Every structure is written in structure tokens, then in C-alpha cells.
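Visitor: The primary structure of each chain is shown beneath.
2 protein chains.
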Amino acid sequence: MNSIRDYLAANEARFVDELCAYVRFPSVSAQPNHRADLQACADWLRQHCQAIGLEASLCPTSGHPIVLARTPRSRGRNKPHYVVYGHYDVQPPEPFELWKSAPFEPRIEGRSLYGRGASDNKGQHLAHINAVEAYLRTGTELPCDLTFVIEGEEEVGSRSLAEFLKERRQDLRCEAVVVSDNGMPAPGLPALTYALRGVAALEIKLVGPNRDLHSGIFGGSVDNPAMALCQLLAQMRDRRGRVAVPGFYDDVLPLTSYERKQLARLPFNAKSYARFLGVPQLYGERGHTSWEQRSARPTFEINGLTSGYQGEGSKTIVPSWASAKITVRLVPNQQPARILRLVKKHLEHLCPPTVRAEIKTGHGGQPYLFSPTSPAAQAGLRALKTAFGRDPVLLREGGSIPIVTDFKRILGADTLLLGLALPDDNAHSPNEKFNLDNYAAGMRLGAALWPELAGTAA
Amino acid sequence: MNSIRDYLAANEARFVDELCAYVRFPSVSAQPNHRADLQACADWLRQHCQAIGLEASLCPTSGHPIVLARTPRSRGRNKPHYVVYGHYDVQPPEPFELWKSAPFEPRIEGRSLYGRGASDNKGQHLAHINAVEAYLRTGTELPCDLTFVIEGEEEVGSRSLAEFLKERRQDLRCEAVVVSDNGMPAPGLPALTYALRGVAALEIKLVGPNRDLHSGIFGGSVDNPAMALCQLLAQMRDRRGRVAVPGFYDDVLPLTSYERKQLARLPFNAKSYARFLGVPQLYGERGHTSWEQRSARPTFEINGLTSGYQGEGSKTIVPSWASAKITVRLVPNQQPARILRLVKKHLEHLCPPTVRAEIKTGHGGQPYLFSPTSPAAQAGLRALKTAFGRDPVLLREGGSIPIVTDFKRILGADTLLLGLALPDDNAHSPNEKFNLDNYAAGMRLGAALWPELAGTAA
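Sequences listed follow chains A and B, in order.
Every letter in the first sequence is one number past the one before it in the numbering used here, and letter 129, counting from 1, is 136.
Every letter in the second sequence is one number past the one before it in the numbering used here, and letter 263, counting from 1, is 270.
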């Protein structure tokens, strides 16, 4: 391992140059005029992978190509196989005027490399590729077979990935997928993300009179759908901040004391968190910490309200209808379909007879849990400690990462989420940056991970 | 009186022709291109009034002119003075395609005269003018001095009327104002409207995080302003359908048993009313009839709700803020300013510490009550009975009529509201019509009213 770490250290300046070259491609997948830039970016990556000794190819899709790069397979030896995922496409850089330097002209200031896509996700997966380069160039045998899958449509919903995984299911069968496309809680504090929340969406519309009514002529003798909606939705959350739908918590897997202890290690300052959000006071389910509330507990969120008159001044009407968009965040082992059924049934049950409820259930996404005490998770934690020189924390992510569900569903594989982004990396915002210490630590992580996973670490 | 009734009957066909001539003017006050039509219409009315023996003039305003027409004053005799109000401007006729005949080409079908403005308000005040013509042409002495004030801006908020009333305060000092610009509950069932509800408007905005937040990353650890708004507004109405604001009902003048008895005489069918409104079931404050609920009881109405995402599909956010537009309908003797204070205070009191409430109070309008047992109201009731041959009912109007408040405020005069419009007259809608039986009854009302008011009726 020493030769690998030496190689990484000795070549750090070149690795930074290569990241700059990679970031220069304006590979904005959401903007059709960048189609050629995405192709050129993918091609650069393919050539780079070939140059360091990987077997690389571009796989066309109905959208942007996927770069597939494999370590050379050694005959006869049956090594464990892992897929490493990343994406070379980036978010749109707009608004340009808020950038301190051009988004596709990388600029280094201190230990930050500024540029669109530097952190999300070019820098993060290039670190893994650099680690493998170190193995290949120093003649160190990799204890695992690896396949890099670097797609070009992550920022537009990974439209072609599921189809690709299905087609290559045989080739991509693996022990697990490794992804560095998320965050760590603070500089120098590495983290393994082992659980994600799921989501389920619905929309409710309460319909009263067949047109907006004059509130003077009719008001008082007919229910107001906006008031009925408020009174209905108000009952969906109780005084303890819990979702007041019967059966809602039935399948929730309780946090273990190990998990709660790990989550309690995460840095948190209520005052600065409230200031960051701009709220006068924090709020959440009683009996849980903020970290638990936002990542390990289910929620019922109103995403939008619409009713009646919304313009300037006032309009004296009883609105004909009122509607709300709702998403429910789910935790393991809640099932989106079952939860949608329960919520719909409860809303219908509580709906007063003076209005008609129209409830449309929408998309759902499974929550995800990868046991943090599993051998692979423990291996990931050890590799993080080696790379960063500090005990990593365990993280749950409050949002969902659809590709993780795809890997599970199509490949049957769990995902090790080893994020390298810092909270202030400005992913999706102007002045995105990637921390060069994290870039280097990411390479050390990529170096340490494979022996840990293969069980051949010293 | 017989000669007057004979005159009215003998000239009915001509009166209908004159109403047709009057309706032909497209006096649409809301549309600038009709300015000359309004002028021509006002001029026609002035000439008509002069032709029948009134002293008439056009009074210019910053908007459309007001037609002022007085009965000739007899020297030395001090008769009671009444103002008769009407308006010659009309609502826009659009959408044209829904009219069965051209809106400004009057058409008679059965006992209905179709045309924009026929009912609202040309036919109604012309009936009063015709009655006065009968007095003047038959040489019958009018027991009252009358001044007709026919404005041209009622449909655009009577923008010049208050100023005009202030300028002419001396000339217009009167016992009361007579207005036929509203409705009766059913064909053949005359009504005196003696009370109006007032109104008070406010807007509440609950502000949470300083931007829309990702509901996955932050949801659960911060309050949702849309939910907070629902839970706050839900508390404004109790299970009995009453406004749950402390002190809200303190000043409400209870309905007398005479009033309740009168309101109970109004025709009402819950099933057909619910069908007309298109609601599955009616709703209202317990212990009160629908007529009472919609005209004699105060309400708290949400006129509009706005929060977060309102487009297609779903957006997984915790919205930064949520707002509601609210109007409160008031009944005698509630004061708009006091009620706004109480509502605002209560909302602030109940607002959770996790969001900031921004409450803007808006316009207010006084409720109005003209005692139905007062001599003038009783005189109006007797005149209605004479004109229609049937015992009139007493009505409260759930909306407000701003000019009534202006007459009270500026002239110190109460208003006798003697509406001649039928519920299906389509005021403000395509195919507006005026019932010719009501036109004739309106003339008989105009004939009978002045002796009743002066106390000289047989």
C-alpha cells in the first residue's frame, strides 16, 4: 500500500490538472445545445481511462453515452466484483452573473477548485479512478474486479441508466456498488451514508360550490373549501409533530441504540442551524434530535396550497375549490403504496360531507437501508478512517437517491455511499467548488477500500 | 290615486318602448370606448325627465355625468324631501356569444324584456320616473319633493358619487333615500331589504425558512409554513360553525323574534339550493336557517390560499411561506376596525413560534340596519303590498351596498331598498332581462310610496 500512497502523493499536481481538464467540458445535460460537449467530455474520460490501463468504451443510449471502464480481468482468479458509479454531466451554470469566475474555467483558491461539476460529480469519481491508476501504474494487484459506470444524465433524472443496467445485468452483477456523489457533514469528518428516506406524493382537491361564490350573498350558508382543506390537513399532524394517520408508523424500523449513538456524534448547533434556515425556531417530532428528524423519521409535508383568489388586494368570494400538494417522506421499512393507501383513506374518512374530495396519488420511491454493521459497511468505515485519519460517522440521508434504488432493484446490489462533498461546496449553485484535501482523501479512500472489501487489508 | 293607476295602465306600451330606447344605449362604464354612449344615454335621460315635467340637468364629474332631476318645488309648502337613486351605466355585455339576442337590441319574449341593463338598473329606476310622470301629467299633487340622482359609474364602484353627495349635501338633505337596485326573492313576492352585512378584509402570511427547502434534506427538522397556516386557520371556526375569535360576537345585535319570523317566511328549499350551488351538502352556523346564515350572521371566509408549488406534478419542498386572504362578513352592530383588531390579535396569539406571522388588515365596510318597524319601513311595506297585491317579506342582504353607506355617512339618510329584480334576471350575466310585470308593479310602487311616506295615503 505504501507505493500506492506514494504514487498518489507524487502525482497530486497532475491529478489536479486532470480534474481541471475534465471540469472544462461544459457537460450540461439539461441543455440540448451542449450535446456535443457531453460527447466530448465522455470521450475524454474514455481516453483517460484507457490511458491509465482500463478497458474503456462509450455505450450509446437514447440520451448521452455512458462511459464503461473495467479493470483488466485476471484469468482464473475469481475476485469479488464491484461497480463504481459516477456521472460526468453537470447542472446548468446559470445564473452566470453570480459566479466569481467563469464556471467552466477552473480556478484554484486556497484548497478549493472552483468550477461547475468539480464537486458534483467529476472530482469525486475521478478520485476513485486516480486510485485505480495508482494500483495499475505501481503494478499492485487489485484485490477486486472493478467496473466504472459513469453516466451523462444524472442531472436530468438518469433517464437511460435503468435500461442500461437491465441490458448489462450479467456483466454488472456485483457484490456492491460504490458511489461518492454525496456529502460529508463537516471538513475532515468522513461519513458513510447507510440509509435514505423514501417518498410518496399525493394531491388533494376539495371541491365545494360549482363556481366561486359571492361571499356576501352566499357566505355562511355553504362550506368554504379552503377552510375545509385547512381543517382537514390540520388533523394530519399531531401536537407531538407526528403524522396523525392510523397505521402510519406500523412498519417503521426503529433506530437501534448503535445508530442513535452514531447520529448523536454528528456535529450540530441548533442556533446556527436555525439561523442558516432563517427560521425563528426549529420544529420537529418530539423525542428525536434534528438529525434524526430530518433523516431517520417520516414526515408529512404540504408542498403547495392553491385556492381562490391569489392576486393583489382582496376578492370577496367563497372559492369553488382548494387543493394541496403533499409529499410524505418514508423511512425503512415503510412501503410507498401502503402509506399512500393509508393517507388517502384517512383523508377521505375525515373529509366533511359538505365538500367532495378528489385525491390523486402520485409517484413513490422506496426508502433504503444498508445495515451499518454489515461487513461491507464496516469495510467502508475502515477505509474512510484510513483515508481521512479520523473515525467516520454514520449518516442517514433525508432525501432519496433514485440510482440507489435502481441498483438494488435491477442488480440486487446494495450501495456504499462514501460522499466527499462539503456542505459549502455549492452543488447546483453558483461558485461550485471541490476541496482539494477531499480530492486527495478520496484517492486514499479509493486505494484503501478494495483491500478492506476483499478482506485482504493488512 | 285612481287616475294615476289609470294613467300608468293606459301608457304601459309606451313605457315599454321608452325602456327599450333607454336600453339601446350601450352605456358600459367599464369600457373607455363607450364614453360617448354614456354621455348620450345620460342626455337622453335628462331630456326625458324634462319632457315629463322634471327640472333636470347633467352634472359633470371626473367620470361620467350624474343626471339630477327634481320635481317642481311648490312655493311656501314644506313637503318632505326624498332622494331616488339609480344608475344608467351597465355591466359589460361580454361574452357576446352567450347572448341569444344582441345585448343592446331589446327583445321582448313573453313578459321578459331582454337587454343589458334592463334589470340592472334602467328598468327599475325608470319605473319610479314613470310613476312621477303619472303624478305630473294627471295634475295630482305629489305629497313629497323628490330628487332623482341617477349616476353613471355604479358598475365601476360609484367613483364620483361620494364627492357629488358632499358638494350637494344641502340640496340633497332628505328624509330617506329610495333605491330599487336589488332583488326580490321570487316572482310576485315583494320585499323590503332592511339590513346589509358589512365586511372587513385581511391577509395573513406565515413565513418560515428563508427559501423553499428540499423536503428530503431538511423536512422534519423545520416547521412547514403551509401546515402551520392550515393549523392556525383551522382554529378560526369551531364545530358549531361559529367564528372562534374571542369577543367576535360581542356586538352582534340579535335578530328579534319579529325578524326571525319574517325571514322564515322567505321561500327556501334546501335541496334545490344545494343543487343550485352544486354542493353535496349545505353548511352553516348551527341554530340558524340558511337565510339567517347568509344574511344575518357574521362569517369568516378564506378567499384564497397560496403556498409553495402550484404547477403540474409535484415538487418536494418545504415552502418558505404560506398566505391566506380572508374576509369577514359583519352584521349590525359589529365594527370593522374592532373586528379586524380582534382577529389579528387572535391569529398572532395562536401563531406558533416556529414561523413569523405578517398580518395586513385591509378595507372595511360598515354593516347597515334600517329598523323594519320604523315608520318609513312600514310605509315602504304598505306601498309594496299595494303595488304587488301581496304581503311583502322583509329581507336582509348578505353583501354590502357601498352607496347605502355613503348616503348614511354623507347625507345622514337611511335607505329604503325596494328591489324589483328577480333571481333569474341574469344581472351581470349574458341574457339579462327585466320582468315587465315587475316594471308595471314598480310604477305602482312608485305611485303608492310617496303618500305612504308622507302619511297622506288613504
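Don't read these hints as lab results, they were simulated from the structure.
In this text the structure is predicted, and so the values were computed from the model without any measurement.
The beta-carbon is built from N, C-alpha and C at its ideal position, and this holds for glycine as well.
Be a bit skeptical, because a hint or two may be false.
As a list, the in silico SDA-like pairs of lysine to any residue whose alpha-carbon atoms are at most 25 Å apart [as the list claims (entries may be wrong)]:
| # | chain 1 | residue 1 | chain 2 | residue 2 |
| --- | --- | --- | --- | --- |
| 1 | A | Lys-351 | A | His-370 |
| 2 | A | Lys-352 | B | Ser-321 |
| 3 | B | Lys-352 | B | Val-259 |
| 4 | A | Lys-322 | B | Arg-31 |
| 5 | B | Lys-322 | A | Gln-38 |
Just a sample of chain A residues kept apart from chain B, beta carbon distances all over 10 Å, derived [to be verified]:
| # | residue |
| --- | --- |
| 6 | His-221 |
| 7 | Pro-359 |
| 8 | Ala-383 |
Some chain A residues well away from chain B (every beta-carbon gap over 12 Å; in silico) [unchecked claim]:
| # | residue |
| --- | --- |
| 9 | Leu-65 |
| 10 | Ser-69 |
| 11 | Pro-194 |
| 12 | Val-206 |
| 13 | Asp-257 |
| 14 | Pro-274 |
| 15 | Ala-447 |
Visitor: Please name the hints from earlier in the document that this structure breaks, with their numbers sorted from lowest to highest.
Guide: Those not satisfied are hints 4, 6, 7, 12.
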